[in-house]
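Participant: What follows is each chain in one-letter form.
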Amino acid sequence: MVAEIKGWNREQMAQKIAGDIPDGAYVNLGIGLPELVANYIPEGREVIFHTENGLLGVGPSPAKEDEDDELINAGKKPVTAIKGACFFHHADSFAMIRGGHIDICVLGAFQVSENGDLANWSTGEPGAIPAVGGAMDLVEGVKTIIIFTQHTTKNGEPKIVKECTYPLTGKGVVSHIYTDYAVIDVTDNGMFVREMAPGIDFEFLKSCTEAELKQY
Amino acid sequence: MVAEIKGWNREQMAQKIAGDIPDGAYVNLGIGLPELVANYIPEGREVIFHTENGLLGVGPSPAKEDEDDELINAGKKPVTAIKGACFFHHADSFAMIRGGHIDICVLGAFQVSENGDLANWSTGEPGAIPAVGGAMDLVEGVKTIIIFTQHTTKNGEPKIVKECTYPLTGKGVVSHIYTDYAVIDVTDNGMFVREMAPGIDFEFLKSCTEAELKQY
Amino acid sequence: MINKVAKTAAEAVADIFDGATIMISGFGEAGSPIELIHALIDHGAKNLTVVSNNTGNGHIGLAALIENKQVKKMICSFPRTANSIVFPELYRQGEIELELVPQGTLAERIRAGGAGVPAFFTPTSVNTPLAEGKETRIFDGKPYVMEFGIKADFALVKCKTADRYGNLLFNKTARNFGPVMCMAAKSAIVQASEIVEIGSIDPEIVVTPGIFVKKVVEITNPVSENQLIRENRRYPW
Amino acid sequence: MINKVAKTAAEAVADIFDGATIMISGFGEAGSPIELIHALIDHGAKNLTVVSNNTGNGHIGLAALIENKQVKKMICSFPRTANSIVFPELYRQGEIELELVPQGTLAERIRAGGAGVPAFFTPTSVNTPLAEGKETRIFDGKPYVMEFGIKADFALVKCKTADRYGNLLFNKTARNFGPVMCMAAKSAIVQASEIVEIGSIDPEIVVTPGIFVKKVVEITNPVSENQLIRENRRYPW
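Chains as they are written, first to last, in the numbering used here: chain A, -14 to 201; chain B, -14 to 201; chain C, 417 to 653; chain D, 417 to 653.
Because the hints were derived from the structure by calculation, they are not lab data.
Nothing here was measured: the structure is a model prediction, and the numbers come from that model.
It is possible that part of the hints are untrue.
[Claimed, not checked] Distance ranges between label pairs, derived from CB positions:
#, chain 1, residue 1, chain 2, residue 2, range
1, A, R(-5), B, D53, 39 to 47 Å
2, C, D458, B, P115, 55 to 63 Å
3, D, F555, C, D458, 30 to 38 Å
4, A, R30, D, S616, 49 to 57 Å
5, A, S46, C, T424, 54 to 62 Å
6, C, T424, B, P27, 41 to 49 Å
7, A, D8, C, E610, 40 to 48 Å
The C-beta atom is built at its ideal place from N, Cα and C for all residues, glycine as well.
Build out the structure end to end from the sequences listed, making use of the hints.
Facilitator: If you want it as structure tokens, here you go:
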């Protein structure tokens, strides 16, 4: 099922995102792929990771024997706390999010639309158990929303679309999209391709993108 | 200017109020006269005093040499903290008040009306600097509001009136009034005299009260 | 004398009545008051509305309470997790109701309930299906949804340290919803790993002031939800 | 590297601009950031809107800032106290505006501003002159007033201990409005009696997480407002 390998792999995507996070930023990483970003913060930069279940200053994963059921991230995985970390309750944690105090949030996506609408919480399938978590709070509250996603679905369908067909997480909330093929900025004037992976050209990119793409 | 002494003195009034505060109650004492109540909690009862500037578990006044500018009550007087006390910020403190967590608040009054309206923050005089503090929060949030006041003004005018003429602090908020002359319960059926001070009879009480008084 | 200490979990939950609304702390396996929930299963109160971020894991704790058909409605943000088996099945069968609330809105609604705020506006969920039927309003050119405070009859909360006044300290990310749930419940019932003498907790570091707590019970070595799930345990044992 | 430490109070307040809205912590003499306020007097920014519970005492701190004609409007709950001389006089002369807000509403409006809540409902002030002109609404049969969140450009806050990330600990009732003001200000500027190494503050006891703080400056032995008033001091000295 895996197509011919091209574009960036996940680690390269994570590295690219991490490279664009400035020194001193407060960053929330979504569950799953986005968690990779923490591994690639460039030497010399201090970035503080927030997890919405009540910790500012998330550190690296612990060794197996140091895992603590009561020290986990939003994905319920064991983490550590850095020096200078702090714990707080859920209302304070989301005050940080909703109040605009988190600089950057990296999230996955089902779909992103041309004007930056994001769908990443529900495929809207009948019979599915709806579950939203903190996604809607994050997209409305965090200053810069970065999407970390494969460019297309496993079946090759575009995830960057004219209009989202899945239920929205938020409207006009996405600032940047990092895919295996390209880095795309979402602006008031449309989607601009900032960078393409080696071996990807603009025509190819357009062919697997439903939304209109522009070049700077 | 001091009229013939009769009725209860301030200490007796404070003692009477203190005697009616049940074991385990969380109590906020207003600035001034109400602070006296803390001195008369009967032996064996544990009452926790709250001050809205961020302390639960206010203890007795400190010796002069132990005074701490950063450990004060809402009246800005030096206090102490009991064992088992806790400090918190202003929003949490008023969450306790507004959220109905404080059982009893003892306040002074300019006027109380027949249906329990309270005026105790402004005489409405032109040119006066308006100042409200926490009075309006306390009367709306605390379960039981007790008024600790002289029965009449210094000029002998009734403070327990048909309708307040001063700007209101809250409407229908007062449960009990303890004056130098009597203890009065404010109910949906009007004001009932629960007890009179030695030497005070019902006719005299009525003569210095504008609101209608009833007997149980 | 103020003594909020209950001798057993059973005694602590004894007053819970049929039809009550109960907040239950925890985020995944961190902070879930398993022993109190199991006491509630033994107790048997029914038709409960439960407010909790998740719906429990495996067949223990909150999942077991749901499996035991004591819960008629869940108010939560994320009802399905890797190990949640019970809720999805009952939900598909139409045997349990769900009110889905974004996580931050859930936390803020609970805090509002505890702080005497009946309603507030939030940008979260604007223009999404979760805002449907809700009042929206523009402030400074931006749309917001009106949300209501939530109160509860009871809260079941897990913490690390308590005293007889009900002052609480929590452990790491097990703090999560505990403090706000204590605020929003008429009777917050708390299990603590240790109950200490009055005066042992520094007044500067109290996380939940005793005024928000009704009962505390010492559960010295609380079970590990993860461990029970790995062992595939079920409650009642 | 994150280093929020400013070398001097002057450096800490250097970015404050004319017309800014500034929150100033303190309740009476407890928690008032006198050194920062004096630095702001030296700095000279004008037409300020100041949010603070009181209006300062004597002729130092906030009172001196007002006396120096830098403040066009006060938003506060209790503008006159035993030692407040400056504000009442200017107010009577119509030279300073006042927005009077009940104390709990003030605290909650500031928290709301910091928490991204543009408006909320409160029972406080219903049926009083302070509710005039405000939207009221019935929830569950009880009337409430709608109040708006307050944000600020800057906050000046006093605390006990800080680290270079901006994590803060406070001292007793000097905590008061400090934590919520840090939340609600774009730039919270904090004076601390001591700045300690990262890692010296237990993560469980941090009162204000560094994310809410922009700058910290060490003022080792802050002046006592009471002492200055007893000595009848004025600022500028």
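Participant: Broken hints, numbered, in rising order?
Facilitator: As far as the earlier hints go, 1, 4, 5 and 6 are violated by this structure, in ascending order.
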